[in-house]
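K.L.:
Can you make the complete structure from the sequences, with help from the hints?
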Amino acid sequence: MSNEVKHREPLFHIAKRSSIVWWKAWLVRLGAIVLAFFFSAVLTVLLTGENPLDVFSSLIKGAIGTNRRIWVLFQNTAMLLCVALAVTPAFKMKFWNIGAEGQALIGAMATAACMIKLTGVLPAPLLILAMFVASVVSGAVWAVIPALFKAKWNTNETLFTLMMNYIAIQIVSYFSGEWAVPKGSGKIGIINGDTMEGWLPVIGGKNYLLNILVVAAITVGMYIYLKYSKHGYEIAVVGESQNTARYIGINVKKVIIRTMIISGALCGVAGFLLVAGTDHTVTRDTIAGRGFTAIMVSWLAKFNPLYMVLTSLLIVFMERGAIQISTSCGLNNSFSEIITGIIIFFIIGCEFFLNYQIKFREKEGK
Amino acid sequence: MSGNAAIELKNITKVFGSIVANKDVCLTVNRGEILSILGENGSGKTTLMNMISGIYFPDHGQIFIDGEEVVIRSPKDAFKYKIGMIHQHFKLVDVFSATENIILGLEKKGKYNLKAAAAEVKSISEKYGFEIDPMKKIHEMSVSEKQTVEIIKVLFRGADILILDEPTAVLTPQETQKLFKILRRMRDDGKAIIIITHKLHEVLSLSDRVSVLRKGEYIGTVNTAETDEAQLTEMMVGKKISLNIDRSEPKELEERLVVTGLDCINREGVKVLDNVSFTAYSGELLGIAGIAGSGQRELLEAIAGLQSLNEGSIIYHDPKTGKEENLRNKTPRQIRDLGVRLSFVPEDRLGMGLVGSMDIIDNMMLRSYRKGKSMFLERKAPKDLAMQIIEDLSVVTPGATTPVRQLSGGNVQKVLVGREISSSPTVLMAAYPVRGLDINSSYLIYNLLNEQKEKGAAVIFVGEDLDVLIELCDRILVIGSGSVAGIVDARNTTKEEIGLLMTKSKTSEKEE
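So the sequence lines, in the order shown, correspond to chains A and B. Counting in this note's numbering, the first sequence runs without a single skipped number right up to 366 at its last residue. Counting in this note's numbering, the second sequence runs without a single skipped number right up to 512 at its last residue.
Derived by calculation from the structure, the hints in this document are not laboratory data. Since we're looking at a predicted model, the values are computed, not measured. Where is the CB? At the ideal position from N, CA and C, for every residue including glycine. Please note that a few of the clues may not be correct.
Claimed, not checked - On the chain A side, residues computed to face chain B include the following (Cβ under 7 Å): (1) 233; (2) 242; (3) 246.
As the list claims (entries may be wrong) - Once the Cα atoms are required to be at most 30 Å apart in a straight line, the calculated DSSO-like pairs of lysine-lysine come out as: (4) B:271 x A:253; (5) B:373 x A:92; (6) A:254 x B:371; (7) A:227 x B:80; (8) B:371 x A:92; (9) A:150 x B:80; (10) A:152 x B:330; (11) B:23 x A:24; (12) B:330 x A:150; (13) A:227 x B:380; (14) B:383 x A:230; (15) A:359 x B:80; (16) B:271 x A:152.
P.N.:
So this is what it looks like as structure tokens:
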């Protein structure tokens with residue numbers, strides 16, 4: 001190495017920010033979204049030769065182009081938000097529940113099972129109640145099993161909750177064969193399509209309105225629970241430091257189990273709303289990856305239920321728009337996923353610049 | 001530049017976010033000299049040394065070695081310039097022997113020859129007077145031996161500029177004397193030695209010159225022979241302060257906590273408490289002295305209900321009802337429900353006593369949030385308490401809603417101690433309550449402990465500075481390897497007596 005090089009500082013180094021003004025933070029986020037659009041545009045042109053402006057206009061059209069699309073957008077947002085709200089108390093407690101997919105799916109399965117087996121046995125209102133209870137209980141059970149093992153033997157909850165997903169998926173597969181309509185199709189099909197028994201009532205003439213309202217209520221409830229209740233306080237303390245929790249006499253195991261019951265039960269509710277409110281059937285894909293996307297929604301919102309409304313809306317907006325891009329530009333589905341991926345990458349990546357700053361070498365006057 | 005300066009720093013500045021850790025610091029160390037860097041915690045001593053040893057990179061300023069400007073970008077660069085740093089926290093592999101640790105990471109050509117290395121370790125030891133068995137495994141070593149390994153490690157690599165970060169914090173008075181002897185021998189051998197410390201008497205007895213830092217700024221350098229404690233304190237703190245503790249005579253002594261025969265075996269199967277018995281009286285300040293990690297933490301945690309015990313009893317005498325309760329193996333909640341007003345200032349403030357990310361109000365709530373039947377939190381009383389503590393103890397904070405992690409060490413401790421004494425405890429335990437605090441905050445804490453004693457609490461104080469323990473406490477319990485080595489009257493004891501008790505259990509290897 002020459003002497004010249006030896007005397008130089010490194011070109012840049014990274015320093016932690018102490019704080020950032022709120023408007024600067026939003027400017028960084030906005031910049032990230034603009035950059036994301038720019039990169040996806042470049043990629044679109046390079047790969048497909050399409051005009052990027054067309055691509056983006058189909059993105060927006062796909063998300064909010066028609067009245068129906070707007071309702072679908074809201075419905076999907078509500079469902080994603082519901083699962084995100086469910087995982088939030090667990091994540092706040094630093095219990096890495098990545099089993100929301102399975103907890104919601106088993107809730108969906110329980111709902112469908114009640115619809116199939118109890119139709120005609122119970123009067124309609126009681127049937128819906130039974131479906132609801134079954135979904136909540138099954139979701140809670142699915143979540144509390146890893147929690148019990150964690151509390152008792154300190155097993156790794158990440159692997160455990162993940163594995164529980166596969167069990168739930170296989171259970172649904174099994175019953176899809178068992179209860180298939182018509183026999184041998186491997187699909188349960190629309191349940192009670194003729195009588196609509198066990199279907200959630202349509203209010204205000206809008207198909208999805210009830211689901212959306214239920215999730216809105218859960219959002220407010222979760223916000224209050226985490227911020228103002230003693231339980232919420234205990235969750236925060238356990239998440240920050242189990243030693244502090246023990247020091248002030250919180251029963252850490254009890255809090256872990258209680259919180260996971262709540263988390264799983266809410267996942268069950270999401271499954272219930274999907275089956276009873278919109279799908280009226282259950283398949284392996286009923287939850288459609290929301291159990292994992294929800295984790296991102298929750299993190300991006302820094303576990304604040306009110307911000308989660310925004311983050312889930314943003315992600316669903318992108319997904320819906322990207323689907324439209326693939327159809328209208330005649331591209332396959334993977335292309336929409338590439339674009340969603342780019343956009344989410346930039347949104348998450350910009351968090352780095354909110355926490356750190358890059359300092360370049362100053363020019364020296366020598 | 002100057003002829004024989006081994007290392008010279010010029011206008012070194014380092015900024016972390018909005019915090020200026022070092023501002024325009026200049027200093028020089030000559031060969032054959034011991035320089036002390038003196039400053040309170042947070043004054044930027046360690047940051048400065050980390051820049052010399054390649055861990056941080058300065059934002060501004062120059063470093064000269066033997067008069068030539070150098071750029072130190074990594075610890076490897078530092079070794080190239082023969083700079084060796086001995087960190088406060090040792091970086092050794094437990095299951096390796098001393099020699100294996102010493103040669104670990106060396107990129108030397110040729111065959112791996114453990115025997116030759118061990119021989120070299122031995123010759124270094126003999127040259128400077130270290131006592132070490134090159135083949136002994138680290139996990140079998142005492143703290144002082146581990147430190148020796150760290151020092152030999154840098155000497156082995158040929159370091160002739162040595163930096164020691166708070167080397168005496170973990171040593172007994174006798175071990176400290178031994179270390180100083182070795183350092184003097186190295187100085188006479190022509191090495192440049194920098195020692196970071198905040199203990200004044202060590203500075204005076206060891207170093208040739210002292211450089212003082214205050215809040216990241218370089219205050220000045222004085223020759224040790226021409227200075228005294230008062231001047232150094234003034235340079236360190238920025239104003240004259242009187243360092244007096246008003247110790248009152250204990251009165252109305254009553255048995256408050258009778259501890260008998262505590263045995264505790266930890267998860268690794270090590271006996272951390274061995275037949276510990278003592279009595280804490282109301283209106284008395286009982287000090288606990290010992291080398292760090294001799295069972296102090298387990299003892300306090302056992303009393304607080306955080307550590308399960310294999311043997312023994314902890315009998316609490318209730319001052320109101322006169323009833324006796326055994327606290328052994330009760331949870332903190334059960335202890336509280338019994339009406340025992342036990343307060344505990346743990347060693348790990350932000351990891352146990354407080355929640356760093358929560359604000360002062362929510363941290364007040366830790367002790368009281370359960371009150372009332374409602375399922376919702378009541379934030380009015382904790383808020384009042386927070387405001388009161390901020391005012392009474394003059395906590396420097398932007399407000400009661402600032403996360404405690406953002407406060408300085410002293411203010412964090414004020415918040416914690418303030419909360420713990422707000423419940424007018426009958427037993428108050430504090431583990432290393434002034435560690436990392438500046439001088440003013442330390443004396444505030446001492447006075448608060450004294451005040452609680454005068455109010456009739458049984459105060460138990462685990463400390464590390466023997467001078468303070470002797471000045472502050474009524475009795476001092478000396479703990480060594482988990483057992484009580486003796487209980488002495490603080491008014492009629494000496495540091496040497498306590499130091500001997502601290503190492504009593506392993507007398508065979510000590511004494512010169």
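K.L.:
Honestly, which of those hints from before does the structure not fit?
P.N.:
2, 7 and 9
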